[in-house]
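In the order they appear, the protein sequences are chains A and B.
The opening position of the first sequence corresponds to residue 25 in this note's numbering, with each subsequent residue numbered one higher.
The opening position of the second sequence corresponds to residue 292 in this note's numbering, with each subsequent residue numbered one higher.
Everything labelled a hint here was simulated from the structure, so no lab data went into it.
All C-beta atoms, glycine included, are put in the ideal place defined by N, C-alpha and C.
Wrong hints could be hidden among the right ones.
[Stated by the list, open to error] For lysine-lysine, the following DSBU-like pairs were computed, each having C-alpha atoms within a straight-line distance of at most 30 Å: (1) K216/A - K127/A; (2) K535/B - K725/A; (3) K366/B - K725/A; (4) K605/A - K366/B; (5) K605/A - K512/B; (6) K143/A - K98/A; (7) K335/B - K227/A; (8) K227/A - K512/B; (9) K551/A - K539/A; (10) K493/A - K539/A; (11) K658/A - K512/B; (12) K375/B - K364/B; (13) K495/A - K569/A; (14) K344/B - K605/A; (15) K602/A - K344/B; (16) K602/A - K353/B; (17) K98/A - K162/A; (18) K227/A - K535/B; (19) K463/B - K227/A.
[To be verified] To give a feel for the contact side, a few chain A residues facing chain B, derived at Cβ under 7 Å: (20) L200; (21) R314; (22) S560; (23) T561; (24) N564; (25) P704.
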Amino acid sequence: MKALLLALTFLSLTACDGGLWNDPYPAADEGKSILYTAFTERPKHLDPAQAYSENEYEFLALIYSPPLQYHYLKRPYQLVPLAASEMPRVMYLDQQHRLLPEKAAPGRIAFSVYEIHLKPNMRYQPHPAFVPGNDMLKPGGLRGVYGLNDFPETGTRTVTAADYVYQIKRLVHPQLHTPIAGVMSEYIVGLKEYAATLQDAAKAHPDDFLDLNRYPLPGVEVVNGTTYRITIHGKYPQFAYWLAMPFFSPMPQEVERFYAQPGMRERNLSLDWWPVGSGPYYLSENEPNRRMVLARNPYYDSENYPGEGGQGDAQAGLLSDAGKPLPLIDRIVFSLEKETIPYWNKFLQGYYDASGISSDSFDQAVQVSVNGEANVSDVMKAQGITLSTSVSTSTFYTGFNWLDPVVGGSSERTRKLRRAIAIAVDFEEFISIFANGRGIVAQSPIPPGIFGYREGCAGINTYVYDCVKGKPERKPIAEARRLLAEAGYPGGVDARTRQPLVIHLDTTAGGVGNKSRLDWIRKQFDKIGVQLDVRSTDYNRFQDKLRRGDTQMYYFGWNADYPDPENFLFLLNGPQAKASKGGENASNYENPEFDRLFEQMKNMDNSPERQAIIDRMLEILRRDSPWLWGYHPKNYVLQHQWLHNIKPNIMANNKLKYWRVDPTLRDRLRREWNQPVRWPLWLGVGGVLLFGLWMWRALRKREEAR
Amino acid sequence: MIAYLFRRILYAVPILIGVNLLTFALFFVVNTPDDMARMQLGIKRVTPESISKWKQQHGYDKPLLINSTASGKDKLTDTIFWQKSASMFVFDFGYSDDGRSISREIVTRMGPSLSIALPTFFVGLLVYVSFALLMTLFRATVLDVAGVALCVVLMSISTLFYIIGGQFLVSKLWHLVPISGYAGGLDSFKFVVLPIVIGVMGGVGSSSRWYRTIFLEEIGKDYVRTARAKGLSELRVLFTHVLKNAMIPILTGVVVVIPLLFLGSLLTESFFGIPGLGSYTIDAINAQDFSIVRAMVFLGSVLYIVGLILTDLSYTVVDPRVRLA
Numbered sequence: 025m026k027a028l029l030l031a032l033t034f035l036s037l038t039a040c041d042g043g044l045w046n047d048p049y050p051a052a053d054e055g056k057s058i059l060y061t062a063f064t065e066r067p068k069h070l071d072p073a074q075a076y077s078e079n080e081y082e083f084l085a086l087i088y089s090p091p092l093q094y095h096y097l098k099r100p101y102q103l104v105p106l107a108a109s110e111m112p113r114v115m116y117l118d119q120q121h122r123l124l125p126e127k128a129a130p131g132r133i134a135f136s137v138y139e140i141h142l143k144p145n146m147r148y149q150p151h152p153a154f155v156p157g158n159d160m161l162k163p164g165g166l167r168g169v170y171g172l173n174d175f176p177e178t179g180t181r182t183v184t185a186a187d188y189v190y191q192i193k194r195l196v197h198p199q200l201h202t203p204i205a206g207v208m209s210e211y212i213v214g215l216k217e218y219a220a221t222l223q224d225a226a227k228a229h230p231d232d233f234l235d236l237n238r239y240p241l242p243g244v245e246v247v248n249g250t251t252y253r254i255t256i257h258g259k260y261p262q263f264a265y266w267l268a269m270p271f272f273s274p275m276p277q278e279v280e281r282f283y284a285q286p287g288m289r290e291r292n293l294s295l296d297w298w299p300v301g302s303g304p305y306y307l308s309e310n311e312p313n314r315r316m317v318l319a320r321n322p323y324y325d326s327e328n329y330p331g332e333g334g335q336g337d338a339q340a341g342l343l344s345d346a347g348k349p350l351p352l353i354d355r356i357v358f359s360l361e362k363e364t365i366p367y368w369n370k371f372l373q374g375y376y377d378a379s380g381i382s383s384d385s386f387d388q389a390v391q392v393s394v395n396g397e398a399n400v401s402d403v404m405k406a407q408g409i410t411l412s413t414s415v416s417t418s419t420f421y422t423g424f425n426w427l428d429p430v431v432g433g434s435s436e437r438t439r440k441l442r443r444a445i446a447i448a449v450d451f452e453e454f455i456s457i458f459a460n461g462r463g464i465v466a467q468s469p470i471p472p473g474i475f476g477y478r479e480g481c482a483g484i485n486t487y488v489y490d491c492v493k494g495k496p497e498r499k500p501i502a503e504a505r506r507l508l509a510e511a512g513y514p515g516g517v518d519a520r521t522r523q524p525l526v527i528h529l530d531t532t533a534g535g536v537g538n539k540s541r542l543d544w545i546r547k548q549f550d551k552i553g554v555q556l557d558v559r560s561t562d563y564n565r566f567q568d569k570l571r572r573g574d575t576q577m578y579y580f581g582w583n584a585d586y587p588d589p590e591n592f593l594f595l596l597n598g599p600q601a602k603a604s605k606g607g608e609n610a611s612n613y614e615n616p617e618f619d620r621l622f623e624q625m626k627n628m629d630n631s632p633e634r635q636a637i638i639d640r641m642l643e644i645l646r647r648d649s650p651w652l653w654g655y656h657p658k659n660y661v662l663q664h665q666w667l668h669n670i671k672p673n674i675m676a677n678n679k680l681k682y683w684r685v686d687p688t689l690r691d692r693l694r695r696e697w698n699q700p701v702r703w704p705l706w707l708g709v710g711g712v713l714l715f716g717l718w719m720w721r722a723l724r725k726r727e728e729a730r
Numbered sequence: 292m293i294a295y296l297f298r299r300i301l302y303a304v305p306i307l308i309g310v311n312l313l314t315f316a317l318f319f320v321v322n323t324p325d326d327m328a329r330m331q332l333g334i335k336r337v338t339p340e341s342i343s344k345w346k347q348q349h350g351y352d353k354p355l356l357i358n359s360t361a362s363g364k365d366k367l368t369d370t371i372f373w374q375k376s377a378s379m380f381v382f383d384f385g386y387s388d389d390g391r392s393i394s395r396e397i398v399t400r401m402g403p404s405l406s407i408a409l410p411t412f413f414v415g416l417l418v419y420v421s422f423a424l425l426m427t428l429f430r431a432t433v434l435d436v437a438g439v440a441l442c443v444v445l446m447s448i449s450t451l452f453y454i455i456g457g458q459f460l461v462s463k464l465w466h467l468v469p470i471s472g473y474a475g476g477l478d479s480f481k482f483v484v485l486p487i488v489i490g491v492m493g494g495v496g497s498s499s500r501w502y503r504t505i506f507l508e509e510i511g512k513d514y515v516r517t518a519r520a521k522g523l524s525e526l527r528v529l530f531t532h533v534l535k536n537a538m539i540p541i542l543t544g545v546v547v548v549i550p551l552l553f554l555g556s557l558l559t560e561s562f563f564g565i566p567g568l569g570s571y572t573i574d575a576i577n578a579q580d581f582s583i584v585r586a587m588v589f590l591g592s593v594l595y596i597v598g599l600i601l602t603d604l605s606y607t608v609v610d611p612r613v614r615l616a
């Protein structure tokens, strides 16, 4: 009883610090310009040479400043300078290093030189590595140091072109695993040889710090303090997109030296854990089991909110902060939320400023009108919550293995079989049932918003859909049965062997949670009398099967690296076949005409000619049908009324720097929504007291009766 | 006693080697070093070269158990098993596959786990024993029957229900504590109070019934009849005689779990956002991080052995007849 009263008193006292009882944040943070958001899985890497996942870029894109970035407001997605003072100047050279005109035929271009001019006086975040002498600490110099905050002093310095060059060299550092090392080695002049040089140097002196500056890389050159050049083989316009990724951020060498000192690793002090950048924020707290905090980089003053946007942006209030220095929020608190229920409820209580929508909460949050338009529900409207939607630049598809004798290959028989299946599997229904309508059916690998995608009837896959009143209408199932019969399987039975046709689908989905999905897909095949055998397997086995080309059908997805059709169409490029060449073409699809057009298209600038080639490529793909094109998911994001400047941008990972919060409104509404209900506490105390009293009397009665 | 302890510690060595070997075998039956590399390197643009580089850097490029190409003792020591296991016997857990110090991670996560596990354990024990004594005191009355029925009902409800229901009622509807999260020091109170209450509630049914059975068994013994015949009150009989004599079966189940409290609770920590050790092993299994898995299994085994030894020691405290030799 005493303990209960003590607990109640303590609860009351802790609630008297001015904060709300259920407020998960310190009362001292009230009224401050802080954005509260969540993450579900801790990032594996924060070293810009190693990180590649979306959840890693969520942090890194705000910490580092690569030369370029995506315009926050303009659509279609457009690259603009970030650390660069202007867009890179590209010079084309022939084999003899003679300058070629800008419009030179790609075949003549042997080298492209990107000259990048940086903004002057950009500075790094405060960090102990910039304090002179901290890169050569004396033995015992780390006594009492458990985190970066334990260093008594921090410093900064100006960003130089040499830092950008140093980071490019790090892409092939023998102790780092850079996912794009292979791709970049094909393009950046001398990078492949440089990797071998570093490997040898590391082997010769395994215990020494590997000083990359001792080894020159011919493809990169420091021109002066704020200018550098990158030379790549041939013409590769997509290279500019890579320059917008953290792989090409600046890296001061003293930081690497600082972290390489003895004792740092034991304290979890590494570049992979404590990044050092020159972006709008720096990582001030890194407890990925609980929360990660980004604080405003006090030395960041090189960027303002954009002054122009897309159509309707001014009316939507997205330009009201035009010209203001970025970032607009002082601190971003990312809390770990592994479960969707607490995340969702905290959003509703106002403790998260924005939230996605899980399937469990979809009906509570969103109502879809008769014409298919999604809006927030009345309950959400009453709270002032608004919804933003966008189609993501990714695709979920079901592939056929081109090497499989039953479903693969370019014969007319297998083509018809694949088309019959494509008609039968109703992805409109799938999206409606399993994605709450959050997706659009794919007509090809290219999602909307990417060059090459066509709206309306021109963009319809005519092998599966008819165009009715400008919209795609799936062909009747009778058409699928007809194609199946022509393929030699009338009614789903092999006309030669009289055996039912059984097709195997490999997927990582399994268990009770995915049963309904798997039942649904079996039902789709049942419509044409084909039996589907779903082989659920763990991720490793699944990958292994794909590598060996040992599947018949498989379920997979792709998220764009950059908004260019090349980044989707290469998934079906013959030389990228997974089984024979270890590439990303998991279907092992091969069509010489498609491959020829791909080579032609990939290095072209966006133009009507490029569009015409893409149209031809898509026609080949639709005819061959190596994938069931599946769907492109739609992102739904809810935000509270105190959050401003929200415009979905799938490509920009640094969008939080444009957001603004109104903390006064947030605090007022949080108070309104979260007043503690005290009666259950008193009821509980009363109940316990009454029960105690009753028991005491009963005991006394008993003792008296003895 | 010293000889007994020494003997038990010696017994622990082959047990720990066996556990280690079993963990190793089970892990590598399911995963290959290539799988582990792929899991760490991600999905996109992973080349065979990067896989072999990862394996080499993390020491997974060696044979698993026997190195037939080596000579002498290197046949055994130049293997993944030896390299990853030997250091653990001096509690050097090394680094996880993503380069973090495992010992440091364990130390950091242990505090939040204990901040829930210890109060849940002690408050729970107090509540369960008190409730069981209450039912014993009022045995064969309406209160006893209602108590047993309540225990059965509470036992039948999943812990997940308590968690979600508790969060819904206490945090969402009544706004009394945060739904999830954690803070250090005194600020942690408002974050841990609900998980503790739910943790205690979740165990009321099974534990109280179990203790009630123990007490009822004791209460029929001759020494209790003698105590009553001496005119002692029922409360005194229960608290000074029955409780004391029922300690051996209670301790058997209780002391052994004390060291394991360090390892936290997966479900509670996950739903309440407590940054403890509960999810560390599960996350490591999902990430195929063998370094963490073998360290946590080893630590769990050591703590369990410590728990068993402590249980034996506790017998000597509550029952003077017990001698450890």
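A quick look at each hint next to the structure:
1. For the suggested pair K216/A and K127/A, the alpha carbons sit about 29 Å apart, so the restraint of at most 30 Å is met.
2. Between the alpha carbons of K535/B and K725/A the distance comes to roughly 26 Å, so the proposed pair stays at or under 30 Å and holds.
3. A threshold of 30 Å between alpha carbons decides the hint, and for K366/B with K725/A the separation of about 78 Å lies outside it, so the pair is violated.
4. As the CA atoms of K605/A and K366/B are separated by approximately 36 Å, the hinted pair breaks the 30 Å bound.
5. At most 30 Å may separate the alpha-carbon atoms for a hinted pair to count; K605/A and K512/B exceed this at roughly 79 Å.
6. With a CA separation close to 22 Å, the supplied pair K143/A and K98/A stays within the 30 Å bound.
7. Simply put, K335/B and K227/A have alpha-carbon atoms about 28 Å apart, close enough for the 30 Å limit, and the pair holds.
8. Distance check on the hinted pair: K227/A and K512/B sit about 77 Å apart at the alpha-carbon level, beyond 30 Å; violated.
9. With a CA separation close to 19 Å, the supplied pair K551/A and K539/A stays within the 30 Å bound.
10. For the proposed pair K493/A and K539/A, the alpha carbon gap of about 36 Å is over 30 Å, so the pair is violated.
11. As the CA atoms of K658/A and K512/B are separated by approximately 71 Å, the hinted pair breaks the 30 Å bound.
12. The hinted pair formed by K375/B and K364/B meets the criterion: a straight-line CA distance of about 16 Å does not exceed 30 Å.
13. Among the hinted pairs, K495/A with K569/A is inconsistent with the structure: their alpha-carbon atoms are about 38 Å apart, more than 30 Å.
14. Between K344/B and K605/A the alpha-carbon distance is near 19 Å, which keeps this suggested pair within the 30 Å criterion.
15. Of the pairs offered as hints, the one joining K602/A and K344/B holds, with about 20 Å between alpha carbons and a cut-off of 30 Å not exceeded.
16. A distance of roughly 27 Å separates the Cα atoms of K602/A and K353/B; the hinted pair therefore holds under the 30 Å criterion.
17. A C-alpha spacing of about 52 Å is found between K98/A and K162/A, which places the hinted pair above 30 Å, so the restraint is violated.
18. With a C-alpha separation of about 68 Å, the suggested pair K227/A and K535/B falls outside the 30 Å cut-off, and the hint is violated.
19. Note on K463/B and K227/A: the hinted pairing is violated, with a Cα-Cα distance of about 59 Å set against a maximum of 30 Å.
20. A distance limit of 7 Å between C-beta atoms decides the matter here; for L200/A the minimum to chain B is near 9 Å, and the interface restraint is violated.
21. Contact between R314/A and chain B, as hinted, is supported at the beta carbon level, the nearest pair being about 4 Å apart and thus within 7 Å.
22. Nearest Cβ of chain B to the Cβ of S560/A: about 15 Å, over the 7 Å cut. The hint is violated.
23. Hint on T561/A is violated. Least Cβ distance to chain B is approximately 12 Å, over the 7 Å limit.
24. With a cut of 7 Å, the hint placing N564/A at the interface with chain B holds, because the nearest CB-to-CB distance is about 4 Å.
25. Proximity of P704/A to chain B holds as hinted, the smallest CB-CB distance being about 6 Å (cut-off 7 Å).
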